[in-house]
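Take 1 as the starting number for the sequence shown in my numbering and just add one per residue.
Among the hints, a few may not be true.
[Claimed, not checked] The list that follows gives simulated cross-link-like pairs (lysine-lysine, DSS-like), each with its CA atoms no further than 25 Å apart:
{"no.": "1", "residue 1": "158", "residue 2": "173"}
{"no.": "2", "residue 1": "116", "residue 2": "158"}
{"no.": "3", "residue 1": "363", "residue 2": "124"}
{"no.": "4", "residue 1": "363", "residue 2": "128"}
{"no.": "5", "residue 1": "215", "residue 2": "158"}
[Unchecked claim] Taking CB as the label site, the calculated pair distances span:
{"no.": "6", "residue 1": "387", "residue 2": "173", "range": "24 to 30 Å"}
{"no.": "7", "residue 1": "148", "residue 2": "173", "range": "19 to 25 Å"}
{"no.": "8", "residue 1": "255", "residue 2": "12", "range": "27 to 33 Å"}
{"no.": "9", "residue 1": "158", "residue 2": "111", "range": "38 to 44 Å"}
{"no.": "10", "residue 1": "344", "residue 2": "117", "range": "20 to 26 Å"}
{"no.": "11", "residue 1": "186", "residue 2": "216", "range": "20 to 26 Å"}
Because the hints were derived from the structure by calculation, they are not lab data.
In this text the structure is predicted, and so the values were computed from the model without any measurement.
No residue lacks a Cβ here, since even glycine has one placed at the ideal position from N, Cα and C.
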Amino acid sequence: MHATQIETTQSEKLKEIKLAAATTTAHNNLSVGAEKRQEIWGFGQTFNELGWVALQNLSEEKRNEVLDDLFKPGVGENYNLCRIPVGASDYALSWYSLDETPDDYDLQDFSIDRDKKYLIPYIKEAIKRNPDIKFSASPWSPPTWMKSHPVYNYGILKHDAQTQQAYANYFVKFIQAYAAEGIHISQLFPQNEPQRDQKFPSCYWTGEELRDFIKYYLGPTFKKAGLDTEIWLGTINSPLEDTEMSKDETTDYPVIAETILADPEAYQYVKGVTYQWAGKMVLQRTVESFPELGYLQSESECGNGDNTWTYAEYVFNLFRHYISNGVNGYMYWNSVLQGGSSTWGWLQNSMISVDAENGLAKKNPEYYVMHHYAHYIQHGAHLLSYRGHLSGESTAYENPDGSIVVVMSNSMNSDRDITIAVHGENYAAHLTAHSFNTFIFA
Numbered sequence: 001m002h003a004t005q006i007e008t009t010q011s012e013k014l015k016e017i018k019l020a021a022a023t024t025t026a027h028n029n030l031s032v033g034a035e036k037r038q039e040i041w042g043f044g045q046t047f048n049e050l051g052w053v054a055l056q057n058l059s060e061e062k063r064n065e066v067l068d069d070l071f072k073p074g075v076g077e078n079y080n081l082c083r084i085p086v087g088a089s090d091y092a093l094s095w096y097s098l099d100e101t102p103d104d105y106d107l108q109d110f111s112i113d114r115d116k117k118y119l120i121p122y123i124k125e126a127i128k129r130n131p132d133i134k135f136s137a138s139p140w141s142p143p144t145w146m147k148s149h150p151v152y153n154y155g156i157l158k159h160d161a162q163t164q165q166a167y168a169n170y171f172v173k174f175i176q177a178y179a180a181e182g183i184h185i186s187q188l189f190p191q192n193e194p195q196r197d198q199k200f201p202s203c204y205w206t207g208e209e210l211r212d213f214i215k216y217y218l219g220p221t222f223k224k225a226g227l228d229t230e231i232w233l234g235t236i237n238s239p240l241e242d243t244e245m246s247k248d249e250t251t252d253y254p255v256i257a258e259t260i261l262a263d264p265e266a267y268q269y270v271k272g273v274t275y276q277w278a279g280k281m282v283l284q285r286t287v288e289s290f291p292e293l294g295y296l297q298s299e300s301e302c303g304n305g306d307n308t309w310t311y312a313e314y315v316f317n318l319f320r321h322y323i324s325n326g327v328n329g330y331m332y333w334n335s336v337l338q339g340g341s342s343t344w345g346w347l348q349n350s351m352i353s354v355d356a357e358n359g360l361a362k363k364n365p366e367y368y369v370m371h372h373y374a375h376y377i378q379h380g381a382h383l384l385s386y387r388g389h390l391s392g393e394s395t396a397y398e399n400p401d402g403s404i405v406v407v408m409s410n411s412m413n414s415d416r417d418i419t420i421a422v423h424g425e426n427y428a429a430h431l432t433a434h435s436f437n438t439f440i441f442a
């Protein structure tokens with residue numbers, strides 16, 4: 001067996017080191033076990049209009065380099081799980097839905113023409129590089145005329161049967177329209193962050209409201225239409241993030257998934273659950289209660305636009321937390337941005353920043369976080385059991401080709417000499433302070 005260490009530090013990127021055999025040590029060790037846990041389906045991002053606009057400000061050669069890096073297998077990030085907004089996200093150029101004609105319950109004016117300008121070209125560039133990408137989709141807001149107040153931000157879906165059925169039909173039309181463009185939607189998440197009344201496009205749902213929508217409208221409508229698109233809960237987050245909310249307003253959050261999944265009629269239509277942001281706090285609870293379902297981390301936390309190494313260390317451990325607690329895949333938010341600002345003014349991080357004035361694409365620290373996981377963990381790998389003093393900063397995997405991958409950080413201010421035990425053999429390694437490391441045993 002040979003072993004290689006790939007290390008990334010603030011000053012050196014992706015340095016490769018051959019490991020030597022060693023005797024195990026009493027401290028700073030990790031032992032990789034043989035128990036297989038969940039399958040890892042892959043990694044990816046969300047497609048947003050502002051990402052495509054940023055890419056247009058690069059030369060064709062530079063743009064192709066970035067797209068190859070993200071989507072072409074074996075080059076960089078190996079993306080194969082990606083999310084598409086249904087209508088506007090907060091990283092659209094402006095807010096919109098796919099049918100803004102008031103009271104158009106028959107959806108005669110439904111159209112994806114805007115998506116054909118900004119989103120679909122971006123998606124097709126990804127498909128050209130990897131035809132096996134699986135796409136999910138989620139709305140930030142229904143059409144405004146379907147809401148209790150006709151605005152994109154805030155509000156709830158009207159409760160009358162005519163509106164609820166029209167909204168279920170709206171999703172069917174979206175899936176069929178994208179299929180006509182050669183884009184198959186594998187999973188629908190009915191609402192982005194259903195428990196946040198946001199300043200940007202959003203729609204608030206209680207667990208009971210979402211349960212009944214799935215049970216009486218969305219599930220039966222998908223079945224009648226003959227769609228093979230799966231319905232997943234999500235993307236579930238938490239109102240606990242909003243310090244202005246009272247304690248009484250947060251009581252529904254921990255049980256929104258359970259409220260739906262505990263109902264047999266709603267459960268029959270649900271194939272998985274997605275969590276993001278503070279949803280990480282209850283992921284383990286849902287996985288333990290419903291281990292037969294699929295799980296995804298649907299939107300990595302996005303910082304404040306500074307793109308620091310310190311925040312990248314936090315994101316590295318978000319990957320570790322979600323995967324060690326049962327998700328099958330992890331999706332970044334905006335891989336590419338220029339300037340980093342959303343349409344409502346929140347500066348956010350991205351893996352790659354476009355400098356339009358100089359025609360450059362700069363890799364930020366979080367690019368390397370994704371690379372350590374997504375480049376080396378093959379689609380179809382399994383999380384393995386592991387133990388030792390380094391467990392809190394590590395995860396271990398067995399790839400389909402039989403190789404073992406250990407992904408590990410060192411967030412300490414000092415270097416560490418460590419040992420890793422795999423298949424009864426011990427290997428010595430050196431971790432630079434504040435580094436990301438991947439070890440491949442083949």
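To see whether the hints hold, each was checked on the structure:
Among the hinted pairs, residue 158 with residue 173 is consistent with the structure: their alpha-carbon atoms are about 20 Å apart, no more than 25 Å. Between residue 116 and residue 158 the CA atoms are separated by roughly 29 Å; this puts the pair beyond 25 Å, and the hint is violated. For the hint linking residue 363 to residue 124, the alpha-carbon distance of about 23 Å falls within 25 Å, and the restraint holds. Taken as a hint, the residue 363 and residue 128 pair is honoured in the structure, with Cα atoms around 23 Å apart against an allowance of 25 Å.
With a C-alpha separation of about 16 Å, the suggested pair residue 215 and residue 158 falls inside the 25 Å cut-off, and the hint holds. With their beta carbons about 50 Å apart, residue 387 and residue 173 fall outside the hinted range of 24 to 30 Å. For residue 148 paired with residue 173, a C-beta distance near 22 Å keeps the hint of 19 to 25 Å intact. Remark: the range hint 27 to 33 Å for residue 255 to residue 12 is contradicted by a beta-carbon distance near 47 Å.
Distance hint check for residue 158 and residue 111: the Cβ-Cβ separation is about 22 Å, which falls outside the suggested range of 38 to 44 Å. At about 22 Å, the CB distance of residue 344 to residue 117 agrees with the hint of 20 to 26 Å. Checking the proposed 20 to 26 Å range against residue 186 and residue 216 shows it holds: the Cβ atoms sit about 24 Å from each other.
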